[in-house]
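Student: Given the coordinates of chain A, assemble chain B onto it according to the supplied hints.
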Amino acid sequence: MEEQMIQHTERLFQTTREIEGLYPHVHIWGWPIATYLFLGGLAAGILLFATLYYLKGKENDMPFTVKIAPIFTFIIISIGLMLLVYDLHHKLYVWRLFMTFRIESPMSWGAWTLVAVSILSLLWPLSYIDDIEAYLHERGWKKLDKITRFIRNLEHNWLIPRFIILTFRKYRKFFAYILLFLSIILGIYTGILLSAFNAHPLWNNPILGPLFLTSGVSTGSAFVMWLSNNKKERRLMSTIDMALIATELFFIIHMIMGMQAGPEAFKQAAHLFLGGEFTVIFWVVFVGMGLVLPFILEALELKGFHIPPALPAILVLIGGYIFRMIIVYAGQMSAYPF
Amino acid sequence: MNSYLAGFLLGLLIIAAYYISGEGLGSSGGYRDCVIATIHDVAPSYAEKNSFIAPRLQAGHSPSHTFLVYLLLGVIFGSIISAVLYGRLKWSIGKAPHITNKKRLYLALIGGILWGIGTQLGRGCTSGLVLSGMAVNSLSGYIGLVGIFGAGFVFAYIFKSIWIKTSKNKK
Numbered sequence: 001m002e003e004q005m006i007q008h009t010e011r012l013f014q015t016t017r018e019i020e021g022l023y024p025h026v027h028i029w030g031w032p033i034a035t036y037l038f039l040g041g042l043a044a045g046i047l048l049f050a051t052l053y054y055l056k057g058k059e060n061d062m063p064f065t066v067k068i069a070p071i072f073t074f075i076i077i078s079i080g081l082m083l084l085v086y087d088l089h090h091k092l093y094v095w096r097l098f099m100t101f102r103i104e105s106p107m108s109w110g111a112w113t114l115v116a117v118s119i120l121s122l123l124w125p126l127s128y129i130d131d132i133e134a135y136l137h138e139r140g141w142k143k144l145d146k147i148t149r150f151i152r153n154l155e156h157n158w159l160i161p162r163f164i165i166l167t168f169r170k171y172r173k174f175f176a177y178i179l180l181f182l183s184i185i186l187g188i189y190t191g192i193l194l195s196a197f198n199a200h201p202l203w204n205n206p207i208l209g210p211l212f213l214t215s216g217v218s219t220g221s222a223f224v225m226w227l228s229n230n231k232k233e234r235r236l237m238s239t240i241d242m243a244l245i246a247t248e249l250f251f252i253i254h255m256i257m258g259m260q261a262g263p264e265a266f267k268q269a270a271h272l273f274l275g276g277e278f279t280v281i282f283w284v285v286f287v288g289m290g291l292v293l294p295f296i297l298e299a300l301e302l303k304g305f306h307i308p309p310a311l312p313a314i315l316v317l318i319g320g321y322i323f324r325m326i327i328v329y330a331g332q333m334s335a336y337p338f
Numbered sequence: 339m340n341s342y343l344a345g346f347l348l349g350l351l352i353i354a355a356y357y358i359s360g361e362g363l364g365s366s367g368g369y370r371d372c373v374i375a376t377i378h379d380v381a382p383s384y385a386e387k388n389s390f391i392a393p394r395l396q397a398g399h400s401p402s403h404t405f406l407v408y409l410l411l412g413v414i415f416g417s418i419i420s421a422v423l424y425g426r427l428k429w430s431i432g433k434a435p436h437i438t439n440k441k442r443l444y445l446a447l448i449g450g451i452l453w454g455i456g457t458q459l460g461r462g463c464t465s466g467l468v469l470s471g472m473a474v475n476s477l478s479g480y481i482g483l484v485g486i487f488g489a490g491f492v493f494a495y496i497f498k499s500i501w502i503k504t505s506k507n508k509k
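Those sequence lines, one after another, are chains A and B. End of the first sequence sits at 338 in this note's numbering; the numbers just go up one at a time, nothing left out. End of the second sequence sits at 509 in this note's numbering; the numbers just go up one at a time, nothing left out.
Derived from the structure by calculation, the hints contain no laboratory data. All the given hints hold, so there is nothing to weed out.
Think about it this way: if two alpha-carbon atoms lie no more than 27 Å apart in a straight line, the pair counts; the simulated DSS-like pairs of lysine-lysine are:
| # | chain 1 | residue 1 | chain 2 | residue 2 |
| --- | --- | --- | --- | --- |
| 1 | B | K428 | A | K303 |
| 2 | A | K58 | A | K173 |
| 3 | A | K232 | A | K303 |
| 4 | A | K232 | B | K428 |
| 5 | B | K428 | A | K231 |
| 6 | A | K232 | A | K173 |
| 7 | B | K503 | B | K433 |
| 8 | A | K142 | A | K231 |
| 9 | B | K428 | B | K440 |
Restraint ranges, calculated between C-beta atoms of paired labels, are given here:
| # | chain 1 | residue 1 | chain 2 | residue 2 | range |
| --- | --- | --- | --- | --- | --- |
| 10 | A | F98 | B | L395 | 43 to 51 Å |
| 11 | B | F497 | A | E138 | 40 to 48 Å |
| 12 | B | Y495 | A | G276 | 50 to 58 Å |
| 13 | B | S389 | A | S108 | 50 to 58 Å |
In this text, a Cβ means the ideal position worked out from N, Cα and C, and glycines have one as well.
The following block holds chain A by itself, in its conformation from the complex:
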């Protein structure tokens, strides 16, 4: 009995190979992290468009982008945060991230940005509750009346929520600037978080941050394009998405060219996509079906062919998710040779 207890509390390692998740390559992060990176990028993209078009004065021309889509961001970020906590080994120590701020740590930036963004992303749609209700009635979704009425009651009858929402409405422009800035940080941080790992050559390259931001904004535009019922909005988002996909392809090519021109460890990292384990899934599924095909479909739609907007949008979303999965898994496999 006593011996068993010792076994639980103490372990002897003869070599580092016995430690779980280290051999033959590091495997600490799995699908929850990849999913979180995807959700973070998606939320950042949606908020970026909402605040940007609000600041451009398009709030009534693009109601879905500015007022409705941000409703989803709070839910998306919450799911992402739950996945992050789920991934922690000591889940109850999560508060420790919020007892400190380290300017040199992307994770610290991310933790604080997420808190600020999730609060603002909740307040943003709350401040538009009247417009949201009108929009829902217009589309015939009266089942959600109960929720909107509950929030309006909260606003009218309770002093503190009323004060918060009124203040937010009054200074919306100021908060829009902050949220725009934070959404860019959120989008780029998901990539920089990985590139800060200098032991993994695939992650440790400066293009990963901008690439993740572009991919996140692209998924955000796909999300808006998918669910909006306004033709102009859809067209605009589809055009923006095409430009973003082109930028992504540009970044990917340069990332791989840069690695190919680098030292041996970086060449090996690039080899994961050029003949190695992830070649087919990267080029066929992510680049082919997640970037090139939606680009072609969006181009055909702009030329006047009839295409359901859900199709390119879902392809972009799946592509973005697969991209995170590939980078998270492949990055852990890439290492400096012994």
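Tutor: Only chain B this time, still in chain A's reference frame:
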């Protein structure tokens, strides 16, 4: 497109597939590999004991490295692009007007299950067994052709009331 021309192009496609990938065309193999990989992920101990799944697991066919899986994806997306170009892309259930959508979907499900069982017993479907088999002059391909078309005639006679109005279901 002229169906004879399409058939000729399909023949050229098989030659190209054999030349490029060393494998013929087929649609059931891709599904099988995906199903096997999923079962292995969900219930590894069951999969390793199962006499159908275990040998295929040992062969080490990961769906992400299987030609037939990508062939399936290509078929799906190629047909979408072709439908877009000819203005045919819309949601619909292809059926005869006199049966309900629900009935059509149930029948499709039953048909799909039979297709799954049949392709594994026959080691290939219409394209994998017959098309690719006949392309390499394999006897089983010709037998498969006779079997599929023969059974097709019999089944078409039995189930024709699903597709056309006969004296029985006319009211």
